[in-house]
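Chain X is already provided as a structure; the job is to place chains U, P and G on it using the hints.
Residue numbers (the numbering used here), protein chains in the order written: chain X, 1 to 189; chain U, 1 to 498; chain P, 1 to 313; chain G, 1 to 620.
Derived by calculation from the structure, the hints in this document are not laboratory data. Treat the hints with care, as some may be off.
[As the list claims (entries may be wrong)] For the chain G half of the interface with chain P, some residues (derived, Cβ under 10 angstroms), not all of them: (1) Arg273; (2) Gly275; (3) Glu373; (4) Ile377; (5) Ala390; (6) Phe421; (7) Tyr436.
[Stated by the list, open to error] Capping the alpha-carbon separation at 30 angstroms, the derived lysine-lysine pairs in BS3-like fashion look like this: (8) Lys98/G <-> Lys365/U; (9) Lys59/P <-> Lys112/X; (10) Lys443/U <-> Lys362/G; (11) Lys361/U <-> Lys98/G; (12) Lys66/G <-> Lys402/U; (13) Lys365/U <-> Lys25/G; (14) Lys150/X <-> Lys59/P; (15) Lys298/P <-> Lys563/G; (16) Lys59/P <-> Lys160/X; (17) Lys25/G <-> Lys443/U; (18) Lys361/U <-> Lys146/G; (19) Lys11/P <-> Lys492/G; (20) Lys57/U <-> Lys66/G; (21) Lys59/P <-> Lys136/X; (22) Lys25/G <-> Lys361/U; (23) Lys443/U <-> Lys98/G; (24) Lys150/X <-> Lys530/G; (25) Lys142/G <-> Lys361/U; (26) Lys361/U <-> Lys362/G; (27) Lys161/X <-> Lys59/P; (28) Lys279/G <-> Lys298/P; (29) Lys153/X <-> Lys59/P; (30) Lys161/X <-> Lys530/G; (31) Lys475/U <-> Lys66/G; (32) Lys160/X <-> Lys530/G; (33) Lys402/U <-> Lys279/G; (34) Lys146/G <-> Lys365/U; (35) Lys530/G <-> Lys153/X; (36) Lys59/P <-> Lys530/G; (37) Lys365/U <-> Lys362/G; (38) Lys563/G <-> Lys196/P.
For glycine and all other residues, C-beta sits at the position ideal for the given N, C-alpha and C.
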Amino acid sequence: MVDWRLFEPLFEFARKRSLWIVSFCTGCGGIEMPPLMTSRYDLERFGMMANPAPRMADLFLITGYVTPKTLKRIIITYELQPDPKYVMAHGSCPLNGGVYWDSYNAIKHLDKYIPVDVVIAGCMPRPEAVMDGINKIMEMIENGTADSWKRYKENYEWYKKNQDELFGEGWREREARRWIPWLMDKKEE
Amino acid sequence: MSQYASLLIALPLISAFFVPIIKAIGKKVVMPFLVLITAIQMGMATWVFNEVYTTGKPIIIMAGGFRPPVGINLYIGHFAALFVLIIAVASFFMAIFSMKAITVEPKDKYAMLSLLLMLGATGMISTGDIFNLFVFMEITAISAYALTAYNKSGEASEAAMKYIVLGGIGSSFFLVGIALIYGSLGTLNMAQIAQLAGQMNPTVAQAALAMLVFGLGVEAELFPLNAWAPDAYQAAPHPVTAMFSAFVVKAGLYALARILYLTHAVGSWGHILRLLIILGTLTVVIGEFSALRQTNVKRMFAYSSISQVGFIAVGFALGTQAGVSASIFHMVNHAIVKALMFMAVGYVALELGGVTLEDFKGLGKVMPLTAFAITVGAISIIGIPLFNVFWSKIQLILAAMKAGKSGVIALILGASLVEAVYYIRLIHLMWFEEGSRERTRIKENFVFGTIMLLLVALIIIIGVAPNMTWNIVQKASADIYNVAQYIKNVPLLPGVSP
Amino acid sequence: MITSMIGIALKAFLILLYATFVGFMFMGIIRIVTARIHRRVGPPIYQPILDTIKLLSKKSNITHGLIYDFGVLYALGATILALMFIPLGSISILRAYGDLILITFLLEIPMLGIMFAAMSSGNPWAGLGSQRALLTLLAVQVPLGFAIVALAEFYDTFSTYQIVMAQQTAGWSITYLPLLLAAVAYDIVLQAMFGKEPFDIMIAPGEISLGPMVEFGGKHMGILQIQHAIALFAETLFFSNIFLGGAVVTAFASSILNTLASLGILLIKQLAVLLIAIFIGAIFPRFTIDQAARFYWKWPTIIAAAGAILAAL
Amino acid sequence: MINELMIIIFTPLITGVIAWLLDIKGLREGISILGAAVPLAYLIQAHQTLTSQPSIQYSIVISGFKFEFLLYHLSWIFAMIAGVVGFAAVLGMASTTKDSYEWLFALMSLTGVYGIFLADDLISFFIFWEIMTFGSFMMVLKYNRKASLKYFLLSVLGAYSMLLAIGILYAKVGALDFTTIQQTLYQDAMRGVLGTNTLLSRNDMLLIFGLFLIAFGVKAGMFPLHVWAPDAYSETNQSYTAMFSGVLSKAGVYGMLVIYILLGTRLMYQFGRIGAAPKFGYVIAFLGGITIIVGGLLAALQEDIRKLFAYSSISQVGYILVGIGVGSALSIEAAIYHAISHALFKGLFFLIVATIVLRTGKTEFKDMGGLAEKMPITFAMTFVAILSLAGIPPLVGFASKWLLFEAVIHENMPILGGMIFFGSAIGFVYLIRFTYAVWFGQRPTDLDDTKDTPIPLAIAMGILALLNVVFGIAPGLVATELNKIFGKEIIKGTIWELNIGFGRYNGLLITIWLVTGIVIAGIIYFLGAKVRRVPVTDTYQGGNPVTMEYNLTIRRNFFLPLKETLAFWLRISFDRLYQDIGRWVEDLAETLRNYIYNGNVQAYAWYLAIILLILALWGV
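One chain only, chain X, in its complex shape (with noise of 0.2 angstroms):
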């Protein structure tokens, strides 16, 4: 094959200018996507474009609080991105718990179950913030450093026992079965 670590810096280049992103926008953050996007901040002037499919998507934004619910959701959905891959944590709540700091159901470090490349500190964080955070992991891709993908890998086991230290092993299975007798039911009304 083709030895492409000549275009390296072209892909990198090019890496950072299109980041399309899939959010997830459960927690509050949400509502501070819409004028990232818009005409206020207009994040499309970097290349970044709101994707729902993560099978395209570079950038995963959790945007908010996480649950054990959410994160089963967040786990596959981040599996299914091809590499390189990012993830960005938005806001106090993914980072520590945020407000949730107590709660008995609330994920208080997401990055004991994915890898994190940057967090945005604040609750919420503004949107200046997040575009501060985004240049941030723009930098990073750049000089290498967002390599949370490659951690992935390396310490899947690691990430895996945290995963099955809170939902059980073989909680992705349990999970699908739990829906198969209510979606049964609505085939047949």
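Here is chains U, P and G on its own, set in the frame of chain X:
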């Protein structure tokens, strides 16, 4: 030599009266005797058939040696030879069939009556005298009445009663018609009637023809004079039904056609043809429609038989040789097919005890051979190529079209669609549906199976290679259509005129 | 023989390169203009190229089987094939075979490849999206058909190139009433062919996650980006050729200058077509699929049918 | 000496009967395949003969009718369709047939089709028509009474219509052979032009044409007489349906051509033209156009594979009818070309369906999915068939469709043009639905041990698939044969190219460039990073985890929006109308019988009295 042909009439007549004596010898001998007589009759008929078709000349038998019109003559022309054979063969097969099918005593009466039935039909077809025709018709009819009631059930008596009432009315009018003709022409000999038909007083001729057609219409099952038929067919013993359909009604039709063409010189001939066409068409249409929702298979076949008769009547009423040929062809084919089907149905009734559609469910597994026979018959009647009825049907249709009767044909074809429906239902029922009752396969009678297969083979042979039959039929039709030839053939006593 | 073949290959390569490049630019223009309508700055014009490079340089790719790969390749291949048949000034290679019906079909079949690939993934969104795409195709087919019929009957030929040449002397197609009607209908159809609002229900990003595209990522998506660029170029080019007079400049002595001039004129026409589509797309909301079908089967069909009937008279 | 035409016609029937009587597994299959192969061999050989002489003739007299058979270019082409597709179908049946009953009737219908194509007089045409109908009917009867009854009734209605038309012609012309009828009617038209009285009146012509139209329309599945086709095509052995749909429906098409051959000039004189097309042809074309749309839309809404293709068949035959109806030499050639390609791809499709049904035992979309992995050979064949039917260059489906489009549009037929465009789109629509539901997506667990196609079926499919490709890339092969029908070069060009003056299509060129395009795409593809195969559960479902237990594929009501859009039109159903008529007739029959044969002897006596009265009043 050819005078021996009169044995065709004499043999059944004499043997019919021998039956009581035979019975005295032994009860069990009666049915074999019947078979024997019909076999001899068949042999003779074959000989006559061969004689007529090889020489190409009709056999004329003058009773007592008196030449017509003084004496009564038998005229066994091409048509008669053909049909005498068919009658004999059908009787023979049915005689064999009745050995098992007839269980009700007194069997000797049955044997006698069926011999008389055969005699009557043979006589009707071969006579050359119009009053003689009436006599034979009465013989046929009366033995038919008796045979209808033979099963001694209430249903049978009722059917026979209807038959007697209607048949009686019919034959009385027929007699009146004959009387009118005799009064007008002073002769009863058919050839002479034909010769003189043109001179008849138109009003008298009209009335006479109307009466004759009316009278024969009852025998020939034309709508609505056929009301007796479904009941009688259903109630009569199975072999008798087959005989009714195979030749009794054919004899009536023949008589109708013969009288019609003999009198074609009569002025109002066109009218009567038109009337016949209307009646024939109605017969077809009403017959088919009536069969559509029948649950009793025998009755269904009866209706089907009626409608086929209408078909034949239409062919005769076209007034062209093509029409006559097609009709005769259809008569032959229909006789074969209906003999087969009524026999098969009768056999099913014997084995399974009933002939409703329910009994026929899954027949293909219970009685494969019989079911196969019925299937072939049904397919043939529907008019599928490679089976015999197709040829006669298409001949008939083309003849009718040629005669400009497209409307009639359209109606008839429409009715044939209906026919397809109920026959297909039956076929599907027999082969591809499971009966509600568990039934094991029945071992079919070897002789009956052979007869049925023989008839099936005949159907297919005529269907695949109709040429031979067609040639025969054409000669037969010339016999009826070509009246001038008929007159010439009958050696009328010169100078004797009314 | 060999030299001529090499010449053809070279020409084809150049056309392909040009088409891809312009197509990408068109994609960029779409994004910029849309952004400007939204009062945003918008990405740089070369943004789609960057996107494509990024997608192609992904380090991991997934596949759902042979058809998944082949469908994508087939889509691009068929688009390239279509491109070769459309007259591009006077330099198109297969313009002698550039048959209206053929090109119309060829512009549709890449979608079939994409559908194949998308459906073979087994993703329900893809299935749903394909269903919508197909129904949109079904909806547009009627006015499209009538428009093509109008053209063919008006010019009494099916050769695109001959239609272009006829327009050089007789004036643009849209100056004739029947063809104007056809052009209007075709332009509405073009909206759906570009996948722009109000007929973008098939990809409906928020609802069914890009529909057929949901499972594509990495190089598959990259190839589809290229395909999209070429298709965009080809579709606008086709419209410019058959309705807007095309361009066959013979004013200059030098053939290179002539070609460049032709390409320039064509580019302007293509841009015009594109901009109309962008403007409509930017200001309309989305139709549901049955609304879209009913719409297409009503007004555009009537317009196009009127055009076709007028052309036939 | 037995004439080769007789061999061609009767070999299938004879072998069928032998296979039926012998009923030995293995042997009957061999005999039957032989029975289909022999006519094909003779036909191929006849191609040589036809280059040196214009036709091969044979005649025989049966039952007072002179049967004439004629093999010339047109009938050769149609007979070849029957030969090739029939052979493939018979091969397929070797895998799917379980009893000898089917062999008998399948081969009987093949005989019927050969007979129709080779017949040169109306009576043999009719007879073989009936044989074909009967054979195919018996094939359906075994599976479903209702479907078969519907088929048979409509077919017999058609056959009787034809018989009436034949009768009228016979009554007026006095002959049944094609040549005489053709010449007489031609002279009749000339008489009409000169202003003298014509043999047949305007009403006669209208009647004859109408009756023939019904007769052939039924068999071709023309709207609104198509209602039998979906049921009959689906309720029989699917290998046989390859022949049923691929060949038997062509008998209807051939019949339409016979209308042209026999009555063309006379009808044209009588009714004139609309634009370039003869007015009577316009009726055919327009009904054909509606057939395309109705068939296509209903195909898209089916939930059963067999029904989908049955409707698709109807839709495709609509194209052929449009081509024939337009009536220019080019459009007729195009129609015949499409008849060929339809036979090829639809035959292939039904063999594929046969494989699926054989291997899975299921027919509905809801039970299918993900079979592409389990049946790769069949899927490859499907791929060819789909591309061909959808009209994707360079397959034969496109070549013929292209020709048809150009021919129709060139004759200034805007509305028909729109209809056929719509038809091609609807083709995509239902094909994708089939592809999606059967081959792709999640596989139900009970299909996990599905095997691929048995060898005879694979060979049969292979033959048809190969021809699909060959005739697409080299359309000139077909075009040369088509040109022979008219005896002049209507479609010019080389073996690779069709050139009709106002349009050109080069199959080879397209193939080369398509391959080039795919190679370019392939280069880009292979330069990228390696791919990893993922299972069907590893797809994006809004982040939800999924297992194989739940169905991810949309298998039912796939085109629900279309159904909603068309809700108004879908309420109209000719099928229901016919059923209502049927029920009405049955009720009428019952009432009639109850009134007439009421079992009351007094009533019967009254009948006699009434008849006597009529006799008296009528004055007979």
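To see whether the hints hold, each was checked on the structure:
1. Arg273: 14 angstroms, violated
2. Gly275: 7 angstroms, holds
3. Glu373: 7 angstroms, holds
4. Ile377: 13 angstroms, violated
5. Ala390: Status holds, d = 7 angstroms.
6. Phe421: 2 angstroms, holds
7. Tyr436: 4 angstroms, holds
8. Lys98/G <-> Lys365/U: 17 angstroms, holds
9. Lys59/P <-> Lys112/X: Holds, at about 24 angstroms.
10. Lys443/U <-> Lys362/G: 38 angstroms, violated
11. Lys361/U <-> Lys98/G: 22 angstroms, holds
12. Lys66/G <-> Lys402/U: The hint holds at about 17 angstroms.
13. Lys365/U <-> Lys25/G: It holds: about 20 angstroms lies between the C-alpha atoms, which stays within 30 angstroms.
14. Lys150/X <-> Lys59/P: 11 angstroms, holds
15. Lys298/P <-> Lys563/G: 17 angstroms, holds
16. Lys59/P <-> Lys160/X: 22 angstroms, holds
17. Lys25/G <-> Lys443/U: 26 angstroms, holds
18. Lys361/U <-> Lys146/G: 16 angstroms, holds
19. Lys11/P <-> Lys492/G: Status holds; Cα separation ~29 angstroms.
20. Lys57/U <-> Lys66/G: 29 angstroms, holds
21. Lys59/P <-> Lys136/X: 22 angstroms, holds
22. Lys25/G <-> Lys361/U: 28 angstroms, holds
23. Lys443/U <-> Lys98/G: With Cα atoms ~26 angstroms apart, Lys443/U and Lys98/G stay inside 30 angstroms; holds.
24. Lys150/X <-> Lys530/G: Measuring from Cα to Cα gives roughly 17 angstroms; hence the hint holds.
25. Lys142/G <-> Lys361/U: 14 angstroms, holds
26. Lys361/U <-> Lys362/G: Holds, at about 28 angstroms.
27. Lys161/X <-> Lys59/P: 26 angstroms, holds
28. Lys279/G <-> Lys298/P: Between Lys279/G and Lys298/P the Cα gap is close to 28 angstroms, so the pair holds against 30 angstroms.
29. Lys153/X <-> Lys59/P: 13 angstroms, holds
30. Lys161/X <-> Lys530/G: 29 angstroms, holds
31. Lys475/U <-> Lys66/G: Given that 30 angstroms is the threshold and the Cα spacing comes to 19 angstroms, the pair holds.
32. Lys160/X <-> Lys530/G: 25 angstroms, holds
33. Lys402/U <-> Lys279/G: Answer holds: Lys402/U to Lys279/G is near 29 angstroms, not above 30 angstroms.
34. Lys146/G <-> Lys365/U: With a Cα-Cα distance of about 21 angstroms, the restraint between Lys146/G and Lys365/U holds, given a limit of 30 angstroms.
35. Lys530/G <-> Lys153/X: At roughly 17 angstroms apart (the allowed maximum being 30 angstroms), Lys153/X and Lys530/G satisfy the hint.
36. Lys59/P <-> Lys530/G: Judged against 30 angstroms, a Cα distance of about 8 angstroms means the pair holds.
37. Lys365/U <-> Lys362/G: Between Lys365/U and Lys362/G the Cα gap is close to 28 angstroms, so the pair holds against 30 angstroms.
38. Lys563/G <-> Lys196/P: 24 angstroms, holds
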